[in-house]
Amino acid sequence: MSATPTMASGGRSRGAAPLPLRALAGEQLAVAAGQLAAGLGNLAFSLLAARLLAPGAFAHLASFLALYLLVHVPATSLSAGSALSPELASRVRRQVLAAGAGVGLLLAAASVPLSAALHLPLAMILLLAAAAPTAGLIALDRGRLYGLGAPRRAARSLLAEPVVRLSAGVVLGLAFGEAGAAAGVVLAGWAALAVARPPAYAAPRATGEAAAVGAGAGTGVTVVAFLLLAIVQNQDVVAAGALLGPDEAGRFAVLSTLGGLAAFATTTVPLMLLPRAASERRAFPAAVCVAGALGLAAVGVVAIDPSALVGAAFGPRYAAVAGLAAPYVLAMALLGVTRVLVAHACAVGRGRVVLVLLGAAAALQLVLLLVLGHDAAGVAHATLIATSALAATAGGAAVLQFPRAGTRARAAVRPLTTPPGAAVLALTAGGLVLRLLASRGLWLDEATEVSQAHMSYGAMLHNLASTDVHPPLHHTVLWLTVRVFGDGELAVRLPSLVAGTLLIPVLYRAGSELYDRRAGLAAAALAAVAPFPVWYSQEARMYSFFMLFAALAVWMQVRAVRRGRPGDWIGYALASAALLWNQYFSVLLVLTQQAAFAITVLRSGLDAGERRRLLRGWLGSALLIAVLVAPLLPFALEQFHANESAGKGFEGVPSQAGAAASQQQGLARPAIYGALTNAVWAVFGYHSDASMTRIAALWPLGILGSLALLGRGRSRTTLLLVACALAPMAALFVLGQKKPFIFEVRYFCAAVPIALLLIGRLVTGWVRPAAAAVALTLAAAGLMGVAAADQQLNQSNPRTYDFRGALDQIRQIARPGDIVVYTPQYLNTVIAYYGTGVHAKPLDNGLPRRHHSGRVFLLASFQDKPQYRNQARQSLLALRHQGRRLIASMHRPQIRVWELSR
Amino acid sequence: MTSEADPRLLSPAWSASPPGRRHRTRLRFGIAVCLPLALFYFAWLLDPARIGNPLLYGILIAAELFNLLQALGFWWTCAGERARPPLALIGEHPDVDVLVPVYNEPVDVVEPTIAAARRMDGARVHVWLLDDGARDEMRMLAKRQGAGYLRRKGRTGAKAGNINHALRRTSSPIVVVLDCDHVPQRRFLRATLGHLAGPRIAFVQTPQCYANADSGELAAAAWSQQALFFGAIARGKDGHGAMFCCGTNVVFAREALEDVGGFPEGSLTEDFELSVRLHERGWRSAYVPEVLAQGLGPEDMASYVSQQHRWARGCLGALGLVLRARLPLRVRVQYLLSCSYFLTGWTVLAYMAFPVIRILTGAQPLAAPAADQFLLHFAPYFGLALSMVAMMGSGAYTFRAFALQSASFWIHVHASLLALLRRPGTFKVTPKRGADGRQPRAALPALAAAAVLLAIAVAGLVRGHDPSTLNNVAFACVHLTVLSFGVAPALRGRRRPAAAIAPAERRAAA
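Chains A and B, in that order, give the protein sequences. My numbering applies: residue 1 is where the first sequence begins, and numbers increase by one. My numbering applies: residue 1 is where the second sequence begins, and numbers increase by one.
Chain A extracted, bound-state conformation (with noise of 0.2 Å):
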């Protein structure tokens, strides 16, 4: 027997036809605009109060509005059971009301410590108590109007609220205060459930036992669901109550209204969805692309100018949180799509996956509010990364119809319209919005590159081959990007966005081909989240064009073997050049795949015609390789001697803070917390030192590990994927000895996707049932999830350089006359780039003269060197001593400014 509930009555019989996706959508969409547009009647009442009360009397309206809330919140969860299986509203009526009744009884009982203690008059709180028996009949009947397909009569019962609020609130209000205002919307209350009552002869049409005890479990489930949603949605509202100080939670109560919004605008979406969902196929994406188009409006109504907004709706006094605005409009906006993925589960009997999603978020929610809820931003935080993570997750519950293990790709790539094909796309639309979301400012070696692409070709590569340390590929790209698309950060970090997204359906098809379906979907789904692929896809540098020719070549090396085309033997040759023109150090991981095929080739139990095959195919390859890269030789070989000859060799490059946290204390060289450091960095990504040492700190996880490995077998595609992406990294560990900034993670990055599809694999082939292995490749990509959340959001993360947020702050205080020095003098191509209409000067051409009357801003950077700390230091006490001081100094990440003037 299946707990799937398909005899909701207001569904479609199984032969009618399936209705157009558009008519769908028209039916989400009207009744949405009658909730709004109750919602507009709800928020005109309360305008027209405060108008008409005095304020202490509209303070206690307002008070008696959100305990009125408060008690119609969880019942609303009853909505969704009965929209789910509408008999449920006659089953339960009863205990319903009886549990209304009750919770009014003990109101009333209590009226006088609660009025005495909530500074409410006496009258309120038997109002109160008098609305208490509507709250889960209101929401039952609601549901059940939408279970029978009326749910026009449900936007009447919507509506008839605000009709009756502001007709007899009105009018009560003006007789009574806020006490008669109070009646009218307790009043208002009574007509909804009159309205919303549905008519006898709508009886569910299924009875029997059978279908009960089936929409029982599923109904139970629904209602469960949703009271969690509830709590998602408004815990961090009482969270800010209990863990802030009354300005701050009045700031996070600006956002909670605003957030509200998007909110309440798809709250009728997935109410609709749950009695079809199971029956038409169209329902679910219609009622997706409603509440997403719900929400991305209310996101844009709130994104135009929320400065402006906040100010006129709630004062000038709230603007500190208007930046707030958008991004916790959105985290309620993804609520709102999570509520209709939510109810498609449910209503497909998957709701006990949800369950345990859902009370995840909850739970996750929860301790984010605990960690970060020292301000309405955290507050703010905590929602917008839980109700992220949950829609992420539950959207790849929803789209990841997870095939049965073993099951190997097709060669043909398969049509984007199959649940795989679909899921892929989705998680590449979804890691796509990610790479996109962060907004931090080119650094450093982003900027250098920039400005070589502003060269002309020939200088470019002659620049090149004399200053840098990197063969010319992704230069070459940046070059015409630059001219294509001009300079801007978008437009510079365009080709690494593109190849970092690409990563994600190259891992899937690869994990497909060297494992099964599972593992590639699961190596989508965590390239999707990967802190360190979401990291590189939004730097104009090489590192992301790594990843994705390490990702190609390993997986073209296994089908060239497999299968042995002569397209995957040159497709591996193609991988393997494009990245030898791209990262000198990928010479390692081509070196590693030789080796492999040298194994392959000689191992025993080939025949001899197999042996053949793969000798011509890997020796025609190698040849192959030899002629693309060949060219690179001479350019390669004048960059080494001019580096040389210069004497810079890799310690003249500038390495990145928390490259400490890599290295053991007092030791120069790379040691074995360096090694953790970094295969940390290559999963988790870039966090604060002290987080890494935590992390680190955590290695005995490892044994687990370990352990875990035990009796899986051994496949010869997890050894080449081991050692590709091993050996590097163990190359680069005894080269660190001798040069220690070559161990770094940014050089065998080319490990990275390969560990994703390790981890993949070991997520999904670890257990059979699919139910489980999804649970454990969200738990990952949740987990992984999390920390590329904290590695863009985190200021602490010592790979962040807000060079952009320091110039940008100099520029609105700067004068004519001012001037800016700056250190290290490397700077100059990032100062360059963010310093338009700053006149600026690195420190080494000396301070600015005595008698230079304008202020005088030192930026420094790279303080954790020794030789620029004292630099900057000592610049400072000179520019005192002539007779400047000190008026304002402040930290950016990695930057600090100082401010003098005279």
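Incorrect hints may have been included.
[Said to hold, decoys possible] Restricting the straight-line Cα-Cα distance to at most 25 Å, the calculated cross-link-like pairs of lysine to any residue (SDA-like) are:
1) A:Lys-738 x B:Trp-346
2) A:Lys-739 x B:Gln-373
3) A:Lys-738 x A:Arg-896
4) A:Lys-739 x A:Phe-640
5) A:Lys-738 x B:Gln-373
6) A:Lys-738 x B:Phe-374
7) A:Lys-738 x B:Ser-468
8) A:Lys-739 x B:Pro-48
Note that these hints are calculated values from the structure, not bench results.
Following the hints, complete the assembly by docking chain B onto the known chain A.
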């Protein structure tokens, strides 16, 4: 159980033979790398500068040295492996008495064994059903299958007494002992009797294979442990001339049995003690790494605990005998390794206690700044040692087997305490069918340990997030996870995968 559904009648899914030509080379290469890594680790660990809390350090060193000895013994055993091919007896077929002791096992478990034993070729087979349960249904079974039936008045000496009683009433020069659930293949005698003809060979042992390994996670994990023993370890013991009798699927020369006065009746592991006595008297043993009979392993936690406790109690009780026996050195060391394996639980207990003590009191075995150096020295040794287990077990030894073994730590501790106090044990037959319900009581000590570890992990997280505390929390989580997997079968009850449900049962369910 119908014959159609009986997995013991299917072809074995596992082979005890070495996995390939290069296996031994790889194995020796692995050992050659492991030894310097072990030296690297212990040279670092035994440096006095590492001492944190002296008492805990002492316990850590004792545990690590014990495990090192076990590891060295394991590598040494496996490095000397010998894989005897099946060997038939040339010439006239001898008379063979096949003894199948029975106590309370169901008829449908015993009948396929008797029927299959009757079908064995390569000898004149006389099958005897030794019924200690005094049940008429067994008498009928024997009659039905054309087997002899023996019943005695008392039950002294349990299984050993039962076999000895039969030995006095039978006379064939060759005796096969089969547990009543182990269904032999037709070629069982053809594959083994040739080896018994060797000079002073007392017995030829063959693997014990659990045909019900697919019947649930506990059966699978228990089988995984057996597979490691009857694969690499048993081949190695045979190479060192120290394979001991495992109580079933074994062929004896009657002369050897009579030389030592039959099976010792005062032991819980009569087969083990019998082997010691035979080797002491100059008899030799052989092991044929070929699955020639398939039986039923424990399917639920209570059965597993009962079996492991009996083995641990018996083997630890035999330690004195091994030390006193006049055995060749390498044989004695092999026996000592087998006996002392059941002390492993103490080391597990010590490892689990370290993070608890560290989080509660701040005391730890190693000096605090040594954490990263510990990883540097320990990780290569641990990683390669683990790889060796995986390689020697040919992938048969699984994480769940490891987890089940770790969760059995308390059995070892309890059994060794009983052995130390010289408390007598009682022989309990391992149930041949698992119970379907949950059995948390059978894993109560492990559950208690898991609860303590969980509480300490939470307490650690609440107390502080410094790297040292997190490191210990991580250790606690590792132990907690391993224990959780180990006790999971007891909490979930027996769950058979769909594939393991017999076609007949599926039809019945339909």
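Here is how each hint holds up against the structure:
1. The straight-line distance between the Cα atoms of Lys-738 (chain A) and Trp-346 (chain B) is roughly 45 Å, outside the 25 Å bound, and the hint therefore fails.
2. Restraint check for Lys-739 (chain A) and Gln-373 (chain B): the C-alpha separation of about 22 Å stays at or below 25 Å, so the hint holds.
3. Of the pairs offered as hints, the one joining Lys-738 (chain A) and Arg-896 (chain A) is violated, with about 32 Å between alpha carbons and a cut-off of 25 Å exceeded.
4. Under the criterion of a C-alpha separation no larger than 25 Å, the hint pairing Lys-739 (chain A) with Phe-640 (chain A) is consistent with the structure, at around 15 Å.
5. A distance of roughly 20 Å separates the Cα atoms of Lys-738 (chain A) and Gln-373 (chain B); the hinted pair therefore holds under the 25 Å criterion.
6. Between Lys-738 (chain A) and Phe-374 (chain B) the alpha-carbon distance is near 24 Å, which keeps this suggested pair within the 25 Å criterion.
7. Pair hint Lys-738 (chain A) plus Ser-468 (chain B) does not hold up; C-alpha atoms about 30 Å apart against a cutoff of 25 Å.
8. For the hint linking Lys-739 (chain A) to Pro-48 (chain B), the alpha-carbon distance of about 33 Å lies beyond 25 Å, and the restraint is violated.
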